[in-house]
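Asks: Read off the chains here:
Protein chains: 2
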Amino acid sequence: MGRVWNFSAGPAALPQAVLEQAQRELLDWNGSGASVMEQSHRGKRFIAMAEQAEADLRELAAIPDDYAVLFLQGGATQHFAQIPMNLAGEGDVADYVVTGHWGEKAASEAAPYVKVNVAASGKAAQYRALPPRETWQLDPRAAYVHYTPNETIHGVEFHEVPDTGEVPLVADMSSDILSAPIDVKRFGLVYAGAQKNIGPSGLVVMIVRRDLLARHGRPMAKILRYAEHAAAGSMLNTPNTWGWYLAGLTFRWLKAQGGLAAMAERNRAKAELLYAAIDGSGGYYRNPVDPAARSRMNVPFTLHDGALDAAFLAESEAAGLLALKGHKALGGMRASLYNAVPLEAVRALVDFMRDFAKRHG
Amino acid sequence: MGRVWNFSAGPAALPQAVLEQAQRELLDWNGSGASVMEQSHRGKRFIAMAEQAEADLRELAAIPDDYAVLFLQGGATQHFAQIPMNLAGEGDVADYVVTGHWGEKAASEAAPYVKVNVAASGKAAQYRALPPRETWQLDPRAAYVHYTPNETIHGVEFHEVPDTGEVPLVADMSSDILSAPIDVKRFGLVYAGAQKNIGPSGLVVMIVRRDLLARHGRPMAKILRYAEHAAAGSMLNTPNTWGWYLAGLTFRWLKAQGGLAAMAERNRAKAELLYAAIDGSGGYYRNPVDPAARSRMNVPFTLHDGALDAAFLAESEAAGLLALKGHKALGGMRASLYNAVPLEAVRALVDFMRDFAKRHG
Chain F
1 MGRVWNFSAG PAALPQAVLE QAQRELLDWN GSGASVMEQS HRGKRFIAMA
51 EQAEADLREL AAIPDDYAVL FLQGGATQHF AQIPMNLAGE GDVADYVVTG
101 HWGEKAASEA APYVKVNVAA SGKAAQYRAL PPRETWQLDP RAAYVHYTPN
151 ETIHGVEFHE VPDTGEVPLV ADMSSDILSA PIDVKRFGLV YAGAQKNIGP
201 SGLVVMIVRR DLLARHGRPM AKILRYAEHA AAGSMLNTPN TWGWYLAGLT
251 FRWLKAQGGL AAMAERNRAK AELLYAAIDG SGGYYRNPVD PAARSRMNVP
301 FTLHDGALDA AFLAESEAAG LLALKGHKAL GGMRASLYNA VPLEAVRALV
351 DFMRDFAKRH G
Chain W
1 MGRVWNFSAG PAALPQAVLE QAQRELLDWN GSGASVMEQS HRGKRFIAMA
51 EQAEADLREL AAIPDDYAVL FLQGGATQHF AQIPMNLAGE GDVADYVVTG
101 HWGEKAASEA APYVKVNVAA SGKAAQYRAL PPRETWQLDP RAAYVHYTPN
151 ETIHGVEFHE VPDTGEVPLV ADMSSDILSA PIDVKRFGLV YAGAQKNIGP
201 SGLVVMIVRR DLLARHGRPM AKILRYAEHA AAGSMLNTPN TWGWYLAGLT
251 FRWLKAQGGL AAMAERNRAK AELLYAAIDG SGGYYRNPVD PAARSRMNVP
301 FTLHDGALDA AFLAESEAAG LLALKGHKAL GGMRASLYNA VPLEAVRALV
351 DFMRDFAKRH G
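If you're matching them up, the sequences are chains F and W in order. Residues in the first sequence are numbered consecutively from 1, following full-length UniProt numbering. Residues in the second sequence are numbered consecutively from 1, following full-length UniProt numbering.
If a hint is listed, it holds; no wrong ones were tucked in.
The list cannot tell twin chains apart, which means a pair is met if one copy fits it or any two copies do.
Straight-line distance between alpha carbons at most 35 Å, and here's what the computed DSBU-like set of lysine-lysine pairs gives:
#1 Lys222 to Lys105
#2 Lys358 to Lys328
#3 Lys358 to Lys44
#4 Lys123 to Lys328
#5 Lys105 to Lys44
#6 Lys185 to Lys115
#7 Lys222 to Lys328
#8 Lys222 to Lys44
#9 Lys44 to Lys328
#10 Lys123 to Lys44
#11 Lys185 to Lys44
#12 Lys123 to Lys185
#13 Lys222 to Lys115
#14 Lys185 to Lys255
These are calculated hints, taken from the structure and not from any lab test.
Throw the hints in and build the complete structure from the sequences for me.
Replies: The following block contains the structure:
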């Protein structure tokens, strides 16, 4: 069939132009007579591509020189564990601000390696709102403060970066990285699974202040130590070469789109269009999140009558609108509006939603 | 340019037919209207593919039901650390049989997590021969015995599985998995980075006896625990979906080639052809490895005069023979002859070698 509009929460839509280029050069990349997947990661051709990808990301996100950029594996979940191993000594405290499913997971995976202090939680509010900054119980001795700027399942998002003073701020940006300009200096460490706004799954992009890499952590294998990956240019062992390559194509595509400020503008317009359709449906569709904390990336919504869910899903898929089923934790629907989802896709979705409401009134 | 013969040690050549199928369906996989990379790993389409890949691997390698098959990330190197975390308690001893670079690395990455006993080492013989089984100093209390059946850099290979009695045998098969039939029951755990004989980098395939998953190990994050990955069908978090897909295509390709017995036959013929050319060159080319321990997968060789190396590399590349440069630890040349390298490629290589020797006599 033809290409559909893909609202998957991740692995998610990739830019059409990126896929087309990857397809064209799949068997013969860069005049090498072999696929990019068949190249040694230590060969000149691959290294030139890898360095260009990093340079493009640095330019896009205005990453200062005192930050390392790492291309890693394991998904964000592995780094829930690896971050405390690297940034905290045994017995240290780390603050966790928990505003949804992924923040919960980050805290629980960290617990074997650091004393987790849940400094704030949105749980009592069913993760539909963010705990106000002034209520956070931060520990001044904390090794770092961890938070999740955007919660993929609950659809809540911080619209500004919290101030944590001298304590380094660590952000799991898996679902909102590169969706808007980022003030890297506000963070000690930013990390993201690639499969939402960057590329395919199996790749993690990390931006980390170099002085934090000098922290001792604890006895551990070299392969788990970020400082070793940084010293080896993310080639301590064989990286995910295909993921790195596709991330590089995406970075170039983002530059061609006008960069992160332009993406932010588009992402705002897309989200506004969908929330307006939900809010303007007279209660036919509902989004449960505090409007001040609504995510631009992931929009969960329910139908006024759950008995219509199956029809909504079947008809939307038939209309070429893919992956609108909500996460099982919340039920209902969810539309993810990452960078690679164009405004046109959201227009098609809201048109479908209005039509569905009319027909199933 | 046209496709070349690719002798890369890894990431290595993939079967042409696999790449062609991946290219055809890159933008529209399985009638979904989206790339396989854009599919939720929890969606029906992806899960059916993933289960088929596992079933095909089980059939190919005759994997018994009391073994789990896992699709993981991190490269073999990460599992050098994760295996002792999972299979040994703190303070336990593990035996390491070190027959080259990768065995050394496996032992050193394990050291923070287990008492490493180097039970045997080929180091004194410069890793050109295997230490005879009767010289191994195995510890009967060891949690496991680790070895590297094929050493990618040094080009030495075990041609039979060593007997370790009741102590589970753990094998890093990164560079020889699926190159011949495997008697899985002889092993406690087999693991392999995919980028040599299975698929792209960023994927690790593990075959592990289920009772070993019940070992307690130590306090650690769920994401590092193999038992959790097994319980979740390797979807504890988002797996490398592209890698899993390509591995699945490769497994089907291997079945179509006649399975592992047929591959073993071809791999034997390929290696014999190349070793015969080296040994029959009157000393123009040399392979330093004890003939009884020569690898069928990775053939390091030197020219009689190192001053000719640059010309050999430039001319071989111009002749469409890619990635023959040896590892920096050994210098000279190396030809890797994994499953996806056809006999025709080896014929082209030995023809080139003879011609080169004539011209540069």
